[in-house]
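> What follows is the residue order along each chain.
Number of protein chains: 2
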Amino acid sequence: MSNANKYELLYWPGIPGRGEFVRLAFEATKTPYLDVSNQVEGGIRQILALKDEKATYDADGNPPALAPPALRIHGEGKNGKALVLSQTPAILAFLGEKLDLAGADAAEKAWIQALALTALDLNNETHDTHHPVSTLAYYEDQKEESLRRATDFRESRIPKFFGYFERVLKGNKEGKGRYLVGDKLSYADLTLWQVVHGLKFAFPKELKAREEAGEFPTIFKTFFPSVPEHGQLKEYLDSDRRKPYSKGIFRHYPELDRQ
Amino acid sequence: MSNANKYELLYWPGIPGRGEFVRLAFEATKTPYLDVSNQVEGGIRQILALKDEKATYDADGNPPALAPPALRIHGEGKNGKALVLSQTPAILAFLGEKLDLAGADAAEKAWIQALALTALDLNNETHDTHHPVSTLAYYEDQKEESLRRATDFRESRIPKFFGYFERVLKGNKEGKGRYLVGDKLSYADLTLWQVVHGLKFAFPKELKAREEAGEFPTIFKTFFPSVPEHGQLKEYLDSDRRKPYSKGIFRHYPELDRQ
Numbered sequence: 001m002s003n004a005n006k007y008e009l010l011y012w013p014g015i016p017g018r019g020e021f022v023r024l025a026f027e028a029t030k031t032p033y034l035d036v037s038n039q040v041e042g043g044i045r046q047i048l049a050l051k052d053e054k055a056t057y058d059a060d061g062n063p064p065a066l067a068p069p070a071l072r073i074h075g076e077g078k079n080g081k082a083l084v085l086s087q088t089p090a091i092l093a094f095l096g097e098k099l100d101l102a103g104a105d106a107a108e109k110a111w112i113q114a115l116a117l118t119a120l121d122l123n124n125e126t127h128d129t130h131h132p133v134s135t136l137a138y139y140e141d142q143k144e145e146s147l148r149r150a151t152d153f154r155e156s157r158i159p160k161f162f163g164y165f166e167r168v169l170k171g172n173k174e175g176k177g178r179y180l181v182g183d184k185l186s187y188a189d190l191t192l193w194q195v196v197h198g199l200k201f202a203f204p205k206e207l208k209a210r211e212e213a214g215e216f217p218t219i220f221k222t223f224f225p226s227v228p229e230h231g232q233l234k235e236y237l238d239s240d241r242r243k244p245y246s247k248g249i250f251r252h253y254p255e256l257d258r259q
Numbered sequence: 001m002s003n004a005n006k007y008e009l010l011y012w013p014g015i016p017g018r019g020e021f022v023r024l025a026f027e028a029t030k031t032p033y034l035d036v037s038n039q040v041e042g043g044i045r046q047i048l049a050l051k052d053e054k055a056t057y058d059a060d061g062n063p064p065a066l067a068p069p070a071l072r073i074h075g076e077g078k079n080g081k082a083l084v085l086s087q088t089p090a091i092l093a094f095l096g097e098k099l100d101l102a103g104a105d106a107a108e109k110a111w112i113q114a115l116a117l118t119a120l121d122l123n124n125e126t127h128d129t130h131h132p133v134s135t136l137a138y139y140e141d142q143k144e145e146s147l148r149r150a151t152d153f154r155e156s157r158i159p160k161f162f163g164y165f166e167r168v169l170k171g172n173k174e175g176k177g178r179y180l181v182g183d184k185l186s187y188a189d190l191t192l193w194q195v196v197h198g199l200k201f202a203f204p205k206e207l208k209a210r211e212e213a214g215e216f217p218t219i220f221k222t223f224f225p226s227v228p229e230h231g232q233l234k235e236y237l238d239s240d241r242r243k244p245y246s247k248g249i250f251r252h253y254p255e256l257d258r259q
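Just so you know, the sequences run in chain order B and Z. For the first sequence, counting from 1, position 26 maps to 26 in the UniProt record's numbering; every step adds exactly one. For the second sequence, counting from 1, position 101 maps to 101 in the UniProt record's numbering; every step adds exactly one.
One chain only, chain B, in its complex shape (with noise of 0.2 Å):
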């Protein structure tokens, strides 16, 4: 088998969304994976097909999935099968100890862990922006509870978990302002990066005088802008690979946004 099909992410097609975080740890380390729904003719049926709320058990041993992200990895499952392994912060402590991306010891492995889960907390909160009340239900239908999160998300939340990070990032003497852990790209700086980076859409005018403010200063002036840096990043981030932001979980609502 080759490389380039050893690793198979399914997620939705068309939108960043949760299978971001695992396109950037493929892209950062130039690391060959198919991307079901976009590249495959028909992929998309896989896809629906892990979210069936009927699914059980699949051919190959594994689970079913509450939902998309899962990546499936060739040969790493029972007797040699496929694995299917879904939860964004499973998939990403796995493939970061295969791509080199979750640290140099036990230690840093753990930290980088609970680094990641933090950011993806903050993305969490994000969606609940715009959804607090159902995430069945349509955001016009919720508009007033939203106003309400969002205040409060900007307020109190994003400076919270911005201040966090900034403490993280300027202590790590090693990392120098770079990676939150050691003096290397890890797991946890993508998922970090790409939460800032979906901010940045979804809050322009938030996160713009927080910048302007001076705050945070490691994250907006260092951190943020070294990322790409990384393997095909660059490339990645101006290719058609990488997908818009538009109805996910980061949307650029101005009524929410600082007035």
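Quick caveat, the hints were computed from the structure, so don't treat them as lab data. Built from N, CA and C at the ideal position, the CB exists for glycine as well. Among these hints, one or two may not hold up.
Rough simulated footprint, nothing fancy, chain B against chain Z, three-plus residues with beta-carbon under 8 Å [claimed, not checked]:
#1 66-77
#2 100-107
#3 139-150
#4 163-173
Taking lysine-lysine and the PhoX-like style, the derived pairs with C-alpha atoms no more than 25 Å apart in a straight line are [to be verified]:
#5 Z:Lys54 / B:Lys221
#6 Z:Lys160 / B:Lys247
#7 Z:Lys247 / Z:Lys200
#8 B:Lys176 / Z:Lys205
#9 B:Lys184 / Z:Lys247
#10 B:Lys54 / Z:Lys170
#11 Z:Lys109 / B:Lys51
#12 Z:Lys51 / B:Lys170
#13 B:Lys78 / Z:Lys98
#14 Z:Lys51 / B:Lys78
#15 B:Lys51 / Z:Lys160
#16 B:Lys54 / Z:Lys173
#17 B:Lys109 / Z:Lys98
#18 Z:Lys54 / B:Lys109
#19 B:Lys78 / Z:Lys173
Model the placement of chain Z on the given structure of chain B, informed by the hints.
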């Protein structure tokens, strides 16, 4: 150092909360641990220091934590120092390997991590039923929104998650309905058990109605009663080490339950 001092749980005193998932891993394996805020005079100061918004790296070189719980593991950090690890899923993954609760091989390890994360997602969504707008504001100040969110949670999210775990339990033939993965207890089982236990407290009418209607029979009739048979869990659940639910994640507001 005695074994009793190797593991120190740093979490709020007097409530189960997210610390409970870590406690269950210790109790299910009869592993000694120190529950700092509940067992050490003045231990609460360590939890306050942990979440201090100015905290930076500790003397052992550990990055700060955004929030409790954290686990201090003596001898497992850099240069034989203490490792301090935050984020419940990261703590459970680390501890799961140490306490033989993490699966028999790499595939099981990955599945168990994904399943525990999914149960923790349900835990987090439970919290948001009484805090849909702001974690800082009182429930009473977001009661309208809570009524909407709790209705959606009961009618759409509980069946989605329970249906998923029912399929996983039923499809794992080796586990005979008792285990999510393989034929022995994992931290995913403990995590799911605690969330079901908490939901029975928070939404007693909803859970009872579903159980009596014959929904999710594997979860209710086989899995849920069998988990406490492991280690010293039964003794623990009857002890005063097990804290009652109060103003934490699982709250019983009758108006949010099925009417």
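> Would you list, in rising numerical order, the hints stated earlier that this structure does not obey?
As far as the earlier hints go, 8, 9, 14 are violated by this structure, in ascending order.
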